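**Q** Sequence:
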Amino acid sequence: MEDNRADAILVREALEEHGIEGELLVLEDGEKAMDFVQALDGGSGDECPNLVILDLNLPKKSGRDVLRAIRLSEKCGRVPVVILSSSDTQQDKSDAAQLGANQYLRKPLGLEEFIGLGSTFRALLHIRS
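Residues in the sequence shown are numbered from 15 upward in steps of one, following my numbering.
Honestly, the hints are just simulated from the structure, not real lab data.
What you are looking at is a predicted structure, and each value in this text was computed from that prediction instead of being measured.
C-beta atoms are modelled at their ideal positions from N, C-alpha and C, and glycine is treated no differently.
Don't take each hint at face value.
Result set (SDA-like, lysine to any residue): computed pairs, CA atoms no more than 20 Å apart in a straight line [claimed, not checked]:
#1 Lys75 x Gly59
#2 Lys89 x Lys121
#3 Lys107 x Leu65
#4 Lys89 x Ser133
#5 Lys121 x Gln52
#6 Lys75 x Glu126
#7 Lys75 x Leu86
Between beta-carbon pairs, the in silico distance windows are [stated by the list, open to error]:
#8 Glu35 x Glu88: 25 to 33 Å
#9 Ser133 x Gly56: 31 to 39 Å
#10 Gly36 x Arg92: 28 to 36 Å
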């Protein structure tokens with residue numbers, strides 16, 4: 015769940031570079047993300063994602079609210095969640111951990127480092143399967 019289109023493209027490239035196949039669903043704001051989680055719990059027929067990559071600073075509803083909703087979800091409560099944020103504050107890291115994020119990663123500035131995040135995503139997917 016990412017509001018920055020360029021970052022979403024980089025996440026897609028990181029996944030592809032590390033051989034991670036599947037659909038990448040990009041939700042641009044926290045409100046859409048909350049609606050998605052609620053629809054899953056409401057029996058929409060869609061499956062819970064295998065991995066959620068979440069920005070804390072989303073428009074309309076914060077990533078904190080989305081993470082809380084995911085952890086309270088009957089269907090998706092155990093899905094791995096990676097916080098991918100430009101923030102490096104201890105408060106954001108603490109909040110994410112307290113809300114149940116599996117990992118907190120600061121968005122890298124360089125392309126090579128960003129693509130390298132795919133190995134972390136792969137490891138979390140491997141743990142879940």
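**Q** Quick check: which numbered hints come out false for this structure?
**A** 1, 2, 4, 5, 6, 10
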